[in-house]
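> Sequence:
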Amino acid sequence: MKKLDLIFLFLRVFTGGMMFYYHGFAKITAGSDRWDRLGSRLSELIGLDFLSIPLGFMASFSESIAAFFIMIGLFIRPSSFLLIFTMLVATLSNVLKKGIDGSELSLIYLFLFTLIFVKGKDRFSFRV
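At position 6 of the sequence shown the residue is numbered -7 (this note's numbering), and the sequence of numbers has no breaks.
Here are the simulated lysine to any residue pairs, SDA-like style, with alpha carbons at most 20 Å apart:
1) K(-11) to V105
2) K85 to S27
3) K84 to S30
4) K14 to L75
5) K108 to L(-2)
6) K(-10) to F111
7) K14 to N81
8) K106 to F1
9) K106 to P65
What the hints contain is simulated information worked out from the structure, not anything from laboratory work.
In this text the structure is predicted, and so the values were computed from the model without any measurement.
All chains, please: the whole structure from these sequences, using the hints.
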């Protein structure tokens, strides 16, 4: 059982850390112009263009703050739920624009955050 706990710890820290460092931090600090571009992916799909900045902020929030929470082991299920939704939107958007070939990274993140969601808290996470 201890090996499995260490595997999930590594999965959580690595996946959350990679999302935060390579995707989240730059997006959350970029501001409303970047949020508008990010949110337009979903707002165009649903036909509500006026929601592009709030939706972009939510994507930036999930890729930064929620990923950081997963990395440190806090609010794991709610944070991974936000990231699952974000990765679903990213995958759908990429498939519609580029086909399946352009969506492998978002699919991998989707799978990893789904695993983290199903597992929930591990032995090394905070008990809140």
